[in-house]
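2 protein chains.
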Amino acid sequence: MKDYIKIDEWRIIEEGFDPHVHKISESIFSLGNGRMGQRANFEEAYSGETLQGNYVAGVYYPDKTRVGWWKNGYPEYFAKVLNAANWVGIDIQLDGEQLDLAKCEVSDFRRELNMKEGYLKRNFKAKTSSGKEVEVETTRFCSMADDETGAIKYKITSVNFSGIIAITPSIDGDVRNQDSNYDEKFWDEVSKATWADGGYVQMRTKKTGFDVATGMKFNITVDRQPVSNIPKPATKDKYVAATVNVQVQGGQSITIFKYAANLSSQNHPADQLADLTKATLERVAAKGFDTMLAEQAAAWAKKWEHNDIIIEGDISAQQAIRFNIFQLNQTYTGEDDRLNIGPKGFTGEKYGGSTYWDTEAYCVPFYLSTAPQQVTRNLLLYRYKQLGKAIENAKLLGFDNGAALYPMVTMDGTECHNEWEITFEEIHRNGAIAFAIYNYVRYTGDEAYLGDYGLEVLLGIARFWSQRITWSGDRQQYVMLGVTGPNEYENNVNNNWYTSTIAVWCMQYALEVANKMQAADKAKYDALMAKIGFDTDREVARFKDIIAKMYYPYDEQQQIFLQQDGYLDKEQILVKDLPATQRPINQKWSWDRILRSCFIKQADVLQGIYFFEDRYDIDTIRRNFDFYEPRTVHESSLSPCVHAILAAKLGDEKRAYEFYLRTSRLDLDDYNNDTEDGCHITSMAGTWMSVVEGFGGMRVRDGKLSFQPFLPGKWASFSFHIGFRGITIKVTVSKSGVTVKNLSGTDIALLIYGKEQSVKAGVEEVFGH
Amino acid sequence: MKDYIKIDEWRIIEEGFDPHVHKISESIFSLGNGRMGQRANFEEAYSGETLQGNYVAGVYYPDKTRVGWWKNGYPEYFAKVLNAANWVGIDIQLDGEQLDLAKCEVSDFRRELNMKEGYLKRNFKAKTSSGKEVEVETTRFCSMADDETGAIKYKITSVNFSGIIAITPSIDGDVRNQDSNYDEKFWDEVSKATWADGGYVQMRTKKTGFDVATGMKFNITVDRQPVSNIPKPATKDKYVAATVNVQVQGGQSITIFKYAANLSSQNHPADQLADLTKATLERVAAKGFDTMLAEQAAAWAKKWEHNDIIIEGDISAQQAIRFNIFQLNQTYTGEDDRLNIGPKGFTGEKYGGSTYWDTEAYCVPFYLSTAPQQVTRNLLLYRYKQLGKAIENAKLLGFDNGAALYPMVTMDGTECHNEWEITFEEIHRNGAIAFAIYNYVRYTGDEAYLGDYGLEVLLGIARFWSQRITWSGDRQQYVMLGVTGPNEYENNVNNNWYTSTIAVWCMQYALEVANKMQAADKAKYDALMAKIGFDTDREVARFKDIIAKMYYPYDEQQQIFLQQDGYLDKEQILVKDLPATQRPINQKWSWDRILRSCFIKQADVLQGIYFFEDRYDIDTIRRNFDFYEPRTVHESSLSPCVHAILAAKLGDEKRAYEFYLRTSRLDLDDYNNDTEDGCHITSMAGTWMSVVEGFGGMRVRDGKLSFQPFLPGKWASFSFHIGFRGITIKVTVSKSGVTVKNLSGTDIALLIYGKEQSVKAGVEEVFGH
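Residue numbers (the UniProt record's numbering), protein chains in the order written: chain A, 1 to 769; chain B, 1 to 769.
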């Protein structure tokens, strides 16, 4: 745990230069616009510890899988997001001496991420070893308004020396992934060029053949006057640069405006990338830095209007929740249904930038409420388009007849993970993907989605479950053997309650949707059944038989759902009785000891209760919560939010707040000592859920929003913006009650503490507790 | 499956050169003498497919572990046997044209492994692309009589050309392991020298610092006359050679005698290796090739006298069983308690040449009966000396108080394996190690071993089990959770019957031995208890409580021991109903499908019944055999022998023979298409067991040998030599009955078909069936 980020409502601030936290800051101060992103690497050269990272959404590389022991069914390749060309570089030489903060005396260092307007600013004074002093201020952003571009304003002032400052803006494509399995480089150069005031490099990924052209255009002023010195171009493999020498006197400032463009063959013809990049650069340079920055602020203002959460009385919490919302918006804008949400977004390489069940289970609720409906729909379509590969994946494992097993980790629909206990067994992901369809339709009312896309996915998934579930002659019930639930501290268990529950629900929901569609549009229904070769009689009978005769482990004595067969055979020790020296167990214990213990990484049963809470009475929820929570170590960043929401539901406001605290500043305070690898983007959505579904008690009931809010004791009030079926409301929870402001032109009916209420268009209503 | 090896009683013969089977032959025709060994690589250069392999027993390298996903508790390093300097090389140039069978027209190729006398012979005619024809005959061996040496006689005859034959014998230490995880080379050169008629290279392993000096001394004759030409030395990194040019006419023969020595710092001071190597070479060269070969034949004759199995009426079976005995004797001679038996012996790199539970479960019975008692005792001492590391290993996994978990795979006592389901869970190996102590004492009567060494190991193991077994509050019984049994097609199961059974047996046996020792030698007992800090009251009480209240899964309906909790929840399909296209399932099915199926790699429950057969009545054995055998795919080479022995016990002679057949020619006929990696040395001991314990029905009962033989229908008779407590007998089973010949000077009492019999010293007795 670190504590160096300054508290501010709208800004993330670091003061003073500490190389030991630099990699953490590179993650925290990351920038992105959904299309591209980058870690907060310095513009000027830096020879200290750094993780260089520039990423282009959707551009990935299938790295050859590395395992110790191969198991049949492992994927040959592991698709990972690529470290792409670095466009931020601006090398500075002071009379031939390189400006490098690792080698200078640094003072007045300050880094600021302005979340309101979406830019990164950095200031410092540096004194080189020969005593030259300069002052630097640099501002940069990835444009939200023009998402193939970014810009940097880099101002350097001589404090005490007169001489030549050599300025070298560059595009450096000679990068590698830190996580490259065989130290390979993943890019080949296609072409490059330098111009009088810039240049570009076009590169192509090996194997996948994505082309990306990254270009720059720059101009330089001294004391606001353009510099006419002719830049001296330089090129190397995958690298273009240009050096401008400027004579300065003490007190004089040079400002470099560097415009960058990143164009990919996903969006443009590969053979036009070079020209288009140049044209894009000219367009944005003509606009100028200040205009681009103003557009950036406007784009972010529009985002915040729809998804800001305002917390009064707790600036630290205010900063944290905005940081989470900011990063989620930087990561995924929902405009492209080929993209998804990597667990680290654009903030690092870890987890390969790939898609996990995190998207459906944690991010979908966030985007449903804070972004246009189309955004979540695109997340659903992403999976729809990968249905064929999910069917292939299931075939590889021995299933047939259109059974679909979505991959645990993927970029393009093929499986990327290779721990057998996860790849082959953590199949509950299929359930979350089905649940997201249900959740989307419940929230948006977009029933048409089901007929057009949803049912086909649901049936593929239901077919998988119907084959994966087998008949136990011994029990005379259906069982599901050899699975790993969301609690990854158990592997290869039989009859995991969560997985069995969501599997059977998938079959029920698929049948329900199929019946509805058959009734609504028989021709369309028949066409789909023909397309997928669905044997209605036989397959429906099988689904129904499983639904009727499924076995779910249950403990009669304690009246709780049992996480899996045999869970009560374990020594039942509570987390509170674990010495602090033993935690986190995933660092302190052998894997073997973790597996044999009763300790839970994230509680499966509670995850299931969260998804299907309407099925269970409050006593059932309480009994299960009281049993599982004390055994849960929350060593997944996805764990606490579900506990916060259930604690809130059970009226335990104190603990709901405690669970919320565990993730709210996870990255800002580097709780798990791993922020340097990147930020926990997907768990940020969980933090949002803790506030809105936990403290706000928001649910959808019969097509209406319902709220059951409480105010955490430390806070004066909190408000959140929610979009729902075309209406935006702002809900404020304060000591005096619940205020709902209808920001749209349509009246809205909703439930507040279980009572039907309505708020007219443009009106604000206050409801007592 | 291949079928190219010619049938012969005493020889393994390959006729005709087929490069496609060359790597298989390199394995099959391997040579070894317990101290060193080598694959049957060609002496002359060969540019075709080959796996070069020379190995020095006990010289290993801790290769950095490669895994896809690290789990806490994995070993940092994986000790593997090293590919060592190649001393067989004799490069031949014919007027500058290299003799290379990959580039010649080859005829009359013949390879012969003479198992009776322990040498490898090869003949061929080769015609180079320019038309030069030569005939070669080469004989080589690793000396059993002088186990740091080997010798080669390489005779080359010009058929049709006159010119210069350049002969270059070499020592080439610039080798690498094919299985090197990071393509590293593992040796550094220490020193080297060339002499007029030879040279040596001394190398040191990285990290482990073993020094090995490998030297050669050669002489050359033409038509039996010594050649006086002065050799031209050549050196490269880790390489010495000398070239002799000899002018020949068509029909003339050159013979190269090459003597080799391999001396290791395990056995000599590192700084004297060079001198000692030279002295050794001079000693053996003075003896000469023919004398060495005669010594070799004599050493092997002595081995065969003690361990030959003679099968009449089935030459193929005769060849196969001798091949197994031959390879086991080449691999391990039992003279050095630092050595053990790698699953591939000296025939390949696979499995890292490390020690597995194979040694205790399969090889110990073989060596007990076929070698002096000291040999097995040394195998036991190997583990005794690694007890400290086994305790460290258990600590790493969270155990304490002297609990010992022996590694799954090891060279020096540290764990080398890194699949969590095996490394951490396949803990039954601990049981086999305890059982081997019991088996040794039962066989030899050497009770003193227990007091001196055995009990300390037994208590370390018992302590491990007493911590690994936990109390189930739910069951009110002790349970063992999260294990993998010998059936590796199940992972992380609860209450594996075999593991629980052997674990509790270990505690019982440890207590029994402790009591006996306390009664026999209280002072020694007390000293041991003090040394290991054994809390007699508390620990014994814990052992006894577990013994009394252990849970073993059992199916009441079928009255069988259940392999593990939940086994009957699986779909019960029999192997006979599996289409041939689906087998072997370990190649045809995903790991996931294998795990979820009921199919068994090798039957755990039957392994337990084999170990503890006296506990079970014949009906119990039959019920379990009849249940498990039809579900067993025997995809471990260690599986069929146990089935053969139990089938024999159940009187099912036909099936006993069928099981025997599955392993008897496993490598000779390359059943599993993997002999090119090396031979299945440890399963060869299982084949021996099938014959002696299966067909011979040999057991030890109350300190006496007991036989219950039958004669496989295809055979006219079979005999085997057995050593037992200083007495050697030859047992012959033929249609006319069981003949026991007492080859020693002491009378022996034994049981034949359950009847007490005795055979006087030097006498042969015949007993009817």
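Treat the hints loosely; a few may be bogus.
Per label pair, the in silico range of CB-to-CB distance [said to hold, decoys possible]:
no.	chain 1	residue 1	chain 2	residue 2	range
1	B	Tyr554	A	Asp555	20 to 30 Å
2	B	Glu76	A	Asp545	48 to 58 Å
3	A	Thr470	B	Tyr554	15 to 25 Å
4	A	Asp555	B	Arg338	45 to 55 Å
5	A	Glu184	B	His20	24 to 34 Å
6	B	Asp619	A	Gln477	24 to 34 Å
7	A	Thr470	B	Glu653	52 to 62 Å
8	A	Ile532	B	Ile547	50 to 60 Å
9	B	Asp223	A	Glu184	54 to 64 Å
10	A	Gln476	B	Lys704	47 to 57 Å
Capping the alpha-carbon separation at 25 Å, the derived lysine to any residue pairs in SDA-like fashion look like this [what the hints assert, rightly or not]:
no.	chain 1	residue 1	chain 2	residue 2
11	A	Lys588	B	Tyr77
12	B	Lys588	A	Leu396
13	A	Lys576	B	Gly398
14	A	Lys64	B	Tyr77
15	B	Lys350	A	Thr65
16	B	Lys588	A	Pro75
17	B	Lys588	A	Gly73
18	B	Lys549	A	Glu556
19	B	Lys64	A	Pro75
20	A	Lys64	B	Trp69
21	A	Lys71	B	Ser180
22	B	Lys588	A	Thr414
23	B	Lys395	A	Arg583
24	B	Lys71	A	Gly73
25	A	Lys350	A	Glu49
26	B	Lys350	A	Ala371
27	A	Lys576	B	Asp400
28	B	Lys71	A	Gly402
29	A	Lys206	B	Thr235
30	A	Lys116	A	Glu105
31	A	Lys576	B	Trp471
32	A	Lys64	B	Glu184
33	A	Lys64	B	Gly398
34	A	Lys576	B	Tyr182
35	B	Lys588	A	Thr65
36	A	Lys71	A	Tyr443
37	B	Lys395	A	Ala580
38	A	Lys588	B	Tyr182
39	A	Lys127	A	Arg110
Don't read these hints as lab results, they were simulated from the structure. Glycine included, C-beta positions come from ideal geometry on N, C-alpha and C.
Outcome for the supplied range 48 to 58 Å, where the beta carbon pair is B:Glu76 and A:Asp545: This hint holds: roughly 51 Å between Cβ atoms.
Hint consistency between A:Lys116 and A:Glu105 [alpha-carbon to alpha-carbon, up to 25 Å]: 32 Å, violated
B:His20 and A:Glu184 - C-beta distance against the hinted 24 to 34 Å: 33 Å, holds
Holds or violated: B:Lys71 to A:Gly73, with C-alpha atoms at most 25 Å apart: Given pair B:Lys71, A:Gly73 holds - Cα atoms ~21 Å apart, limit 25 Å.
Proposed proximity, B:Ser180 with A:Lys71 (alpha carbon, max 25 Å): 20 Å, holds
Verdict for A:Thr470, B:Tyr554 (Cβ pair) under range 15 to 25 Å: 23 Å, holds
Hinted pair A:Lys206 and B:Thr235, Cα distance within 25 Å: 42 Å, violated
25 Å Cα cutoff - pair A:Lys127, A:Arg110: 16 Å, holds
Distance restraint between B:Lys588 and A:Thr65, which requires alpha-carbon spacing of 25 Å or less: With a Cα-Cα distance of about 20 Å, the restraint between B:Lys588 and A:Thr65 holds, given a limit of 25 Å.
Consistency of beta-carbon spacing, B:Lys704 to A:Gln476, with hint 47 to 57 Å: 51 Å, holds
Hint consistency between B:Lys71 and A:Gly402 [alpha-carbon to alpha-carbon, up to 25 Å]: 35 Å, violated
Holds or violated: B:Lys588 to A:Thr414, with C-alpha atoms at most 25 Å apart: 20 Å, holds
This entry does not satisfy hints 7, 26, 28, 29, 30, 33, 34, 36 and 38, going by the numbered hints stated previously.
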